[in-house]
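Trainee: Each chain, letter by letter, is given below.
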Amino acid sequence: MTGMTVQMIFLVFFGAAAVWFGIVVFRTHSMVRSALALLFSQTAVGAMFLVMQAEFLGVLQIMMMATEMSVMAIFMVMFMMDPGGLGEMDMTHQKRLSLSAGGIGLLASLLLVWLPDWGPVALSVPGAHEQAQALGRELLGRSMLVFQSAGLTILTAMVAATMVAIVPNAEQRK
Amino acid sequence: MTVAIVLLSLALGAYLLAVIERWAVHGHLSLTGPAWAALALLGRESVLARKSDRLFFEIGPVLLLVAGLLAVAVIPLAPGLIISDLATGALFLNAALAYVLVALIMAGWGPNGAYAMIAGWRFLGQFIAYAMLIVMPITAVAMRAESLSTVQIVTSQAQLWNVIYQPIGFVLFVVAAMGLAWLPPLDLPDATGELAGGVEADYTGARLAVLRLGRMTIILALAGATVTFYLGGWLGPWLPPWAWSAIKIMLVAAAMLGVGRYMPRIREARYLALSWKLGISLALANIFIVGVIALVVPL
Amino acid sequence: MMLSGARQGALSGIRRVIATAMSRDLSAFVLPGPAIARSRGLDLAGSNLIIVGTPRHAGVLIIVGPIAEGLQDAAAVVYAQMPRPRAILALGAGDIAPLPVADASAPLTQDGLRSGLAELRRVVEAGAFHVDAADFTAAALEVRIEYTCPMHPEVIRDEPGDCPKCGMTLVPRETSAVGHGGHEQAQNMAETVDHSEHAPKSDDSCHAGHDETAKDAAYTCPMHPEVVSDEPGKCPKCGMNLVKADGEGGQGHEGHGTHGGHDEHSSEPVDGIEPHFMSMVELTKDQPRSSDGLQMEWIEAPFGPFFPGLPAGLHLSLTLDGDTVAGSDARSLVGMADLPGGTAMAPGQFVDHLAAMQLSPIAYRALACAAIEDAAGIAFGADDRRARAAAIERERIASHLSWLAEFGVQTGFLWLAGRAGALQLAVQGAGTAEIVALAGPIGRLIRRVQAAPLMRMRLRGIGRFGKDRVAWGPVDRARGGGSDARSDDATLKELGFGIRVRNGGDALARMMLRCDEIDQSIGLIATAGTLAAPMLADVGVVSGEGAASIETPRGAARLTVTLTDGKVTGAELETPSTAHLALIDDLTRQRELGDALVAVGSLDLSPWEMRG
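Chains as they are written, first to last, in the working numbering: chain A, 1 to 174; chain B, 1001 to 1299; chain C, 2001 to 2612.
Honestly, the hints are just simulated from the structure, not real lab data. Note that the structure is predicted; figures quoted are calculated from it, not measured. All residues carry an ideal CB built from backbone N, CA and C; glycine is no exception. Honestly, I wouldn't trust all of these hints.
[Unchecked claim] Some chain A residues judged to face chain B by a derived CB distance under 7 angstroms, without partners named:
hint	residue
1	62
2	66
3	70
4	114
Could you build the full structure based on these sequences and the hints that come with them?
Mentor: Structure below.
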C-alpha cells in the first residue's frame, strides 16, 4: 500500500503541475511563455504516465511534446503581434463561448471518470520490457490499420497545409 | 555508488572534452586551461539585458545541463555501471535530448538581443533537419537488439558491431548528433562569424559556465550514445570494460569536435534539403536493409 | 593598484584565486580587429591568448594602434559591454579617450606585445577586484527615453502623448542618446530589439475580435470589445480612440467607414469566423514578402564596426525579416579617401598621409609616389620599377591571405583562419628569397582550400550582382571583366604578367581568383628578383599635374595630384572600395543572413579607402 500512496502523491503532484501550467498558458501575456508553458504542461502529463508505470507512453509523450510545442512557439512569434507580451494586452476572445465550452467539457470528463465501471485497479503491471513488446505487437498486429491510416492522414494534412500556404505566395511574388 | 562513479567519470570526461575543444577552436593544447577559464568565468559579473525575459534567460542554461545529465543517465559504461537501465533507454535518451531544443529557444529568446534570437530560431530550423535522422537509425539499432534498452543494445553487438552491420545508420546518426550538439560545421546557433556567438553571446559569468558545461555534457552523452549504439559499448578484448568505454567515447568525442575545424559552416537551406531529401531516404533504406538482414541472417 | 575596469569587492580569499585565474586565462577582444593586428605585424595567435568574437566573452581589450576618430564611440560601447573585471592593453595607441587610461601600454611590435601581456597579467592579478571600483561612463553610452506606439512602431516622439494613427497612449522606450533613433550602435547592443515591437508594421494593425455583446452599444474599443460606451472617447484599458460599433454585429460588414481610423481595412467576412476578425494574413498583406514566403518581424541589427569576419571599421546595419535580409545600410566610419584640399603639403608628408591607410599601405604609398613623380616628370630605372612592382605584389599576396583568414573566421573554417594568418605574417616582411621559399606552403594552403569539403556548397551562387554595376579588381575579374591596372604597365609585362579572369561572378569565383592571383604574384616576384618599398625621390621645386593608377589588392586606385612649387596643392583619389560599397544592397537583399554576410565578405572591402 505504501507504494500506492507514494504513487498517488506523485500523480497528484504532476497532475497539479499540468493544470497549473495550463492555466499559465492563458494568464501570461507573452506568447512564447504561453507556448512553453503548454510544453511543460504536456511534460507533466508525460511524467504522470511514467508514474503510472506506462514507461513507453510517458517517454514518448515527453519527447514528442517538447518538439511539437517548440515549433508552435515559433509559429506564435510569426503570427501573433506582441509575442513578448510587453504591451500587456488581453488576447482572449469569445470569452462566453469558451467558458461554456470549457465547463461542458469538464462536466463531461468528470462524468466519464465517475460513472462507467472501469473495473478493479490493477495491483501489478507488467514490466517495462514486456509492455514495450506487447505494445509493439499490438501496433503492428491488431491496430496496424488504425495507426497506418492515421499516419497517412496526418502526412496528407501536413503536405496539403504546406501547399496551401506556399502557393498564394508564389503568385504574389511576381 | 554506481551513480557516484558514473558522475565522477562524467565530470572527468567533460573536463577532457573542454581541453579538446579548446585545442580545436583556439589551437592551444593546455591541460589546465579549462580549469582557469572556469574560475575566471565565475568571477565575472553577470550582465542582464534590458527587457529580457528573465525567467527564460536563467532557465535556459540550467535546462541544457539537466537535459545532458538525463541523457547520460542511460549510457552504460560497463555491465552494471549505468545510472538507470530503463527498458526504453534509447527512446529516453532521445526524449532528454529533445530538451536541448527547448533550452536553446529559451536561451535565444531570453536575452532580448537580435543575435541570440536569430540563433535560437535557427536552431529550430536545424532541429527540423536532424530530428528524424536521430530517431530512425536508433530504430534500426533497436530492431537488431529486439529491445530499446541500452544494455541490450550493447550486448546484441557481441558478435558484430553495428558500425559494420549498419554503416549507413552510423553515418546518419553521427551527422545528426553533431547537429544536435551544434558542433561545427553544423553550428548555426553559435556561429562566431555570422552571429558573434549567437545563443552564447549574451551570457557572461556563471551562467556562461553552466551553458558551456551543459554543452560538454551533451557532447559526452552523444558520444556515449554513438559508442553504445554502433561501436559496441564496453565490448573489447584484454582491457576491462570501463576502459574500453572510456577510450571509445573519448575518441568519438574528439573526432566530433575536431572535424569542424577543417571545413566551412554549412548553409541552413542546404542542410535542410540534404537531410530531408537524402538523409531520410537513406534512413528508410537502412531500416529496410537491416530488417531484411535480421530476418535472413542469424547474427 | 587597480584596473580601471575592476570589479567591486575586496581582494581576499577566493577572489585572489579567481584573479590569478583571470590573469592566466586572458580572453581578448581586438580593436579594430585581428586583420589589422596582423597587417601591422603582430602575431596574436602565438601568444597564449584566446581571441573572442564578442566583447561579452572578453576580459581584455587589446587596442592596436591609435583609435580612429570615427571609431571612438563604438570603442566606448565595446568597452562598456565587457563584463567586469575588464582590462585594456594599448599597443602603440597613445591617447585612447573616451576609454579610461590603459592598464598596460607597449609599443606596437611583437616584443611590445609580449612585454605588454606580461605586465597586463601582473596588473590583472593584483587589481581585478577593488573596493573602490568605479563605473565607466561615456557620451556614447547615454540613453534617452523616446515614446512609441505599441501598434505602430514607426511613430516615435520625444514626449508622452497619443498615437496620431490610432489614439493609443505612447509607451516609453530607452534608446541611445547619440545618433538618430538608436541605430548608431556597435555590435551587441542589448536594447536593439524590443519585444513589444513585434507588431506588423502596417497601418491597419488591430486585433479586433468583436464579442456579440457589442451589438447594441454605440461606441466600443477595437481591441477590447467588452468596453462599451455611449459617447466617443478613449478606451480605459489601452487608450485607443473608441469607434462606432456597427449595429448588426453579424455578416455583411463593409470595409470602410465603420472602423474609424482603419481606412485600409477591407474585411470580407469569412464564413464561420466571427465578424470583424482580422487575420494576420490580411494585416500583413501590404508588406513585401520575403523570399522564403514567411512573414516575420523586422529587426534592425548592427554588424559592425568590429564584427568578427567583416572588415573593421565598416558600419553595416541589416534590417532582418526573420532570417532574411530585407534591407541594408552600409558605410565606412574610418574613410580616408577624402583628401585635404587647399592647403599645401610637402610631398613626403602627402605620401605618408596616404600610406597611413591601414590596409594595403604599400600600394597607396606607391600610388602617391607614382602620381607625384608623374607630376614632377621624374622617371625611374628599370630595376627600381621592378623592385617597386614586386613590393606591391608581395602586398597583394599578404592581402589575399588576410582575406582568406577573415573568410575562415567568418565561416568557421578555423584551420584556414590560423594557417592563412600565419603565412600572411611570414610573407609580410619577407625578401624575395623567403617568398620563393614560402611558395610551397602557400601552394599547399591554396590547394587545400579549393578542395575543402562543403566549400563549393558554401560559396556557389552567393554574391551575384547585376551586369550593369561597376566593379573593380578581383570582384570584376571574377565575373569575366577585364579591368586590371597592371595590363597597362610595361614593367609588369616584362615580368610576364597576364590578366587572370574567372567566370561565375559569385563568391566562389572570387575566392578562386584570389588564390590564382596569389600564385601569379609569387611567380612575378620570383622573376623580378628584387624587392624594395616605394621611396619618394627628391622632387625639387616644380609645378605640374600628374596622375597614376595602381592595381591595389582590391582593385584599381587612381590618383591625380597638382604640384605647385614643389608642394602638393590638390589631389583626387578614386578607390575600388567606394564603388563596391554600393553593391552591398544588391548583394544582400532577400538573402539569408549567413549568405548575405559571406557575400559582403567576398567583396574584400577596405573601409579605410572609402569616402568617410
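Trainee: Let me know if the C-beta of residue 70(A) comes in closer than 7 angstroms to any C-beta of chain B, holds or violated.
Mentor: Result: holds, 5 angstroms to nearest chain B Cβ.
Trainee: Classify the hint on residue 114(A) as holds or violated, based on whether any CB of chain B lies nearer than 7 angstroms to its CB.
Mentor: 32 angstroms, violated
Trainee: Does residue 62(A) hold up as a contact with chain B if the rule is Cβ-Cβ below 7 angstroms?
Mentor: 5 angstroms, holds
Trainee: Please verify that hint: residue 66(A), Cβ, nearest Cβ of chain B, below 7 angstroms or not.
Mentor: Since chain B brings a Cβ to about 4 angstroms from residue 66(A), closer than 7 angstroms, the hint holds.
The structure does not agree with numbered hint 4 stated previously, though it agrees with all others.
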